[in-house]
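2 protein chains.
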Amino acid sequence: MKNIKILIVGTGAIGSYYGGRLSQAGAEVSALCRSDYNIVKEKGITIESIYGNFIFKPHEVINKISDYSEIPDFIIVSTKVLPQINIVDIINEKVGENTSIVLIQNGIDIEKNIAKSFPNNELISGLAFICVSRTEPGKVIHQDYGKLSIGTYPQGISKKTKLLQELFEKANVKCLADENIVNSRWQKLVWNAPFNPISVIGGKLNTAEILRENTSFNLVKNVMKEIVLLASNCNITLPSDIINQNLENTLKMTPYKTSMLLDYENKRPLEVEAILGNALKIAGDLNLRVPYIESLHALLLLLDKKNTENH
Amino acid sequence: MKNIKILIVGTGAIGSYYGGRLSQAGAEVSALCRSDYNIVKEKGITIESIYGNFIFKPHEVINKISDYSEIPDFIIVSTKVLPQINIVDIINEKVGENTSIVLIQNGIDIEKNIAKSFPNNELISGLAFICVSRTEPGKVIHQDYGKLSIGTYPQGISKKTKLLQELFEKANVKCLADENIVNSRWQKLVWNAPFNPISVIGGKLNTAEILRENTSFNLVKNVMKEIVLLASNCNITLPSDIINQNLENTLKMTPYKTSMLLDYENKRPLEVEAILGNALKIAGDLNLRVPYIESLHALLLLLDKKNTENH
Chain E
41 MKNIKILIVG
51 TGAIGSYYGG
61 RLSQAGAEVS
71 ALCRSDYNIV
81 KEKGITIESI
91 YGNFIFKPHE
101 VINKISDYSE
111 IPDFIIVSTK
121 VLPQINIVDI
131 INEKVGENTS
141 IVLIQNGIDI
151 EKNIAKSFPN
161 NELISGLAFI
171 CVSRTEPGKV
181 IHQDYGKLSI
191 GTYPQGISKK
201 TKLLQELFEK
211 ANVKCLADEN
221 IVNSRWQKLV
231 WNAPFNPISV
241 IGGKLNTAEI
251 LRENTSFNLV
261 KNVMKEIVLL
271 ASNCNITLPS
281 DIINQNLENT
291 LKMTPYKTSM
301 LLDYENKRPL
311 EVEAILGNAL
321 KIAGDLNLRV
331 PYIESLHALL
341 LLLDKKNTEN
351 H
Chain U
41 MKNIKILIVG
51 TGAIGSYYGG
61 RLSQAGAEVS
71 ALCRSDYNIV
81 KEKGITIESI
91 YGNFIFKPHE
101 VINKISDYSE
111 IPDFIIVSTK
121 VLPQINIVDI
131 INEKVGENTS
141 IVLIQNGIDI
151 EKNIAKSFPN
161 NELISGLAFI
171 CVSRTEPGKV
181 IHQDYGKLSI
191 GTYPQGISKK
201 TKLLQELFEK
211 ANVKCLADEN
221 IVNSRWQKLV
231 WNAPFNPISV
241 IGGKLNTAEI
251 LRENTSFNLV
261 KNVMKEIVLL
271 ASNCNITLPS
281 DIINQNLENT
291 LKMTPYKTSM
301 LLDYENKRPL
311 EVEAILGNAL
321 KIAGDLNLRV
331 PYIESLHALL
341 LLLDKKNTEN
351 H
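These protein sequence lines are chains E and U, in that order.
According to my numbering, the stretch in the first sequence is residues 41 to 351, in order.
According to my numbering, the stretch in the second sequence is residues 41 to 351, in order.
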């Protein structure tokens with residue numbers, strides 16, 4: 041496996057962590073950096089992990105894609121999903137005939153545009169279940185979890201998906217090859233769509249504070265119902281008790297601060313469209329009313345705008 | 041009119057201003073104070089008004105209702121409408137056979153409980169269109185407007201309503217005797233229900249900032265539609281173009297900070313139930329779905345709770 045070439049686009053917490061792991065597994069992992077280019081070039085990325093600390097020294101560190109000397113086997117995109125980040129433009133130049141594009145990102149329907157722009161390339165879609173954060177340039181702390189689910193888009197498990205899975209497993213990353221990754225995205229959205237936005241809008245709350253009031257408990261439930269409704273209209277089958285399961289599990293777990301709230305507190309832009317806007321677009325296309333999602337979406341946009349205005 | 045006896049309950053900005061005006065008109069106006077009892081007793085309430093400054097010296101200044109030496113002709117209630125303020129308990133002792141109870145307060149359906157508790161007393165319901173604030177104990181600044189609408193509850197204009205109107209007019213307060221004050225409350229709610237809550241939830245925004253985004257413009261409109269729907273199911277007739285009129289007027293006016301936002305910024309409890317909760321209860325009774333109001337209500341409760349927690 042020595043000569044598997046991987047380019048990581050987006051060396052935030054997710055990209056740095058998983059890129060580092062793939063590098064440990066023996067792949068030739070390069071990194072496209074932005075603000076921390078100098079420090080990563082010089083010192084690499086320090087990963088403080090619950091499984092032991094290590095330094096990820098990318099094979100090539102670049103700050104513009106044209107500087108990359110290869111055509112990679114995999115481009116792993118792990119940026120935030122934001123309207124101002126045009127992934128197609130960023131990666132275009134280095135997408136070769138045999139390059140698989142891998143998205144390890146949040147939200148639903150984030151693959152469509154990439155698939156349309158690179159119709160002849162394999163697209164692998166992935167979900168990370170991890171608690172990891174970038175605490176300063178060139179430094180990432182891995183606090184908990186770490187599991188990945190990856191699958192070929194729109195479905196199945198291709199040879200290269202299997203190869204990537206094995207590479208992750210070799211680096212001690214629990215990685216599930218998921219026959220139906222789109223389904224899994226929807227399943228994750230059932231939780232994300234209410235909790236991420238309400239944690240911000242409701243006044244910087246953790247999960248327990250959100251569920252403590254009857255009215256907001258019901259709001260969470262109503263948003264979940266709308267996601268389930270949309271999913272079923274997209275022929276996505278979700279477990280029949282998914283709402284109650286999500287609520288019960290969340291009530292049981294240690295009060296949890298969502299990643300969207302962390303972003304908000306750090307004045308970083310929020311993934312409003314990936315989490316809510318795309319669901320809203322689907323509802324529009326299907327002529328379905330989803331007023332709870334619509335309300336959260338409008339309010340979250342206001343807060344996001346105000347929060348990042350002077351940044 | 042010398043011996044008209046009026047007791048003001050709630051010497052916040054509204055009660056102080058209108059009480060002061062009635063006193064200027066020659067009525068015997070007393071005041072039930074709480075935190076500013078000592079200063080009002082000693083110095084009265086200083087009113088800095090756009091129509092000229094004056095000092096309101098109440099006839100009697102009391103800090104518990106039993107100290108009031110009279111049974112008044114009018115008890116004017118001008119407190120916030122909050123679950124923790126039990127008006128019936130507060131005024132009960134001094135509601136005589138001929139006492140009219142006057143509510144100058146926000147929201148809808150705030151009369152029901154008072155009417156039920158004092159079935160033999162006349163109830164006068166009123167709306168204030170005024171920009172006035174209490175800047176320190178014993179001091180109130182009247183910045184703009186000042187019009188009142190008062191009407192007998194549930195409808196009509198009684199003799200004493202007329203008397204009170206004339207008294208206000210004598211003191212240069214523009215006062216409309218309103219045949220259908222319940223209707224007017226709903227009409228005011230069409231504006232208040234979206235703008236007050238969204239100004240707080242959306243991140244401390246003025247009216248222009250709320251209407252600038254398409255998504256929140258639509259949220260405002262959808263909340264207005266739900267209020268109009270509820271009204272029509274309560275046999276309340278509102279002007280057919282009320283929504284567009286409200287939106288157009290708000291777009292035209294100088295960007296405006298709602299009173300609810302001012303309360304929020306000053307860590308004062310918000311009138312969540314009077315503005316949204318009562319509408320929600322009516323929807324429940326009528327089996328109507330109002331998901332936009334429901335969303336705002338749940339989120340506003342979260343913010344209100346967090347905001348006043350340490351107060």
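Since the hints were derived computationally from the structure, they do not count as laboratory data.
Everything numeric in this text was worked out from a predicted model, so none of it was measured.
Careful: at least some of the hints might be erroneous.
Copies of one chain are not kept apart here, so a pair can be met inside one copy or by any two copies together.
Quick list of in silico lysine-lysine cross-link-like pairs, DSSO-like style, CA-CA up to 27 angstroms [as the list claims (entries may be wrong)]:
#, residue 1, residue 2
1, K210, K156
2, K199, K345
3, K265, K199
4, K45, K156
5, K307, K297
6, K346, K292
7, K83, K200
8, K83, K244
9, K244, K199
10, K346, K297
11, K202, K321
12, K83, K179
13, K292, K345
14, K179, K265
15, K199, K292
16, K297, K156
17, K210, K265
18, K346, K244
19, K81, K297
20, K83, K345
21, K265, K321
22, K261, K156
23, K187, K214
24, K104, K134
message = If the cut is 27 angstroms between Cα atoms, do K83 and K179 qualify within a copy, between copies, both or neither?
response = within (10 angstroms within a copy, 63 angstroms between copies)
message = For K179 and K265, with the copy left unspecified, which applies at a CA distance of at most 27 angstroms: within, between, both, or neither?
response = neither (39 angstroms within a copy, 51 angstroms between copies)
query = How would you label the pair K346, K292 (within, between, both, or neither) given a Cα cut-off of 27 angstroms?
reply = between (34 angstroms within a copy, 22 angstroms between copies)
ask   = 27 angstroms Cα cut-off: does K83 pair with K345 within a copy, between copies, both or neither?
value = neither (35 angstroms within a copy, 47 angstroms between copies)
query = When no copy is named, should K292 and K345 be tagged within, between, both, or neither for a Cα gap of at most 27 angstroms?
reply = between (33 angstroms within a copy, 23 angstroms between copies)
query = How do K307 and K297 come out at 27 angstroms by Cα distance, when the copy is not named: within, between, both, or neither?
reply = Both ways: K307 and K297 sit 15 angstroms apart in one copy and 24 angstroms across, limit 27 angstroms.
ask   = Between K297 and K156, at a C-alpha cutoff of 27 angstroms, which is it: within one copy, between copies, both, or neither?
value = Neither. Shortest intra-copy (35 angstroms) and inter-copy (45 angstroms) distances fail the 27 angstroms Cα cut-off.
ask   = When no copy is named, should K346 and K297 be tagged within, between, both, or neither for a Cα gap of at most 27 angstroms?
value = both (21 angstroms within a copy, 16 angstroms between copies)
key: Up to 27 angstroms CA-CA - K244 versus K346, copy category   = both (15 angstroms within a copy, 9 angstroms between copies)
ask   = Should K265 paired with K199 be assigned to within, between, both, or neither, using CA atoms and 27 angstroms as the limit?
value = neither (36 angstroms within a copy, 54 angstroms between copies)
inquiry  = Reference check for the pair K199 and K345, CA-CA at most 27 angstroms: within, between, both, or neither?
reply    = For K199 and K345, neither the intra-copy (42 angstroms) nor the inter-copy (53 angstroms) Cα distance is at most 27 angstroms.
message = I want to check one pair: K81 and K297. Are their C-alpha atoms no more than 27 angstroms apart within a copy, between two copies, both, or neither?
response = Cα proximity of K81 and K297: none, with 33 angstroms in one copy and 50 angstroms across.
Checked against the numbered hints listed earlier, the structure breaks hints 1, 2, 3, 7, 8, 9, 11, 14, 15, 16, 17, 19, 20, 22; every other hint is satisfied.
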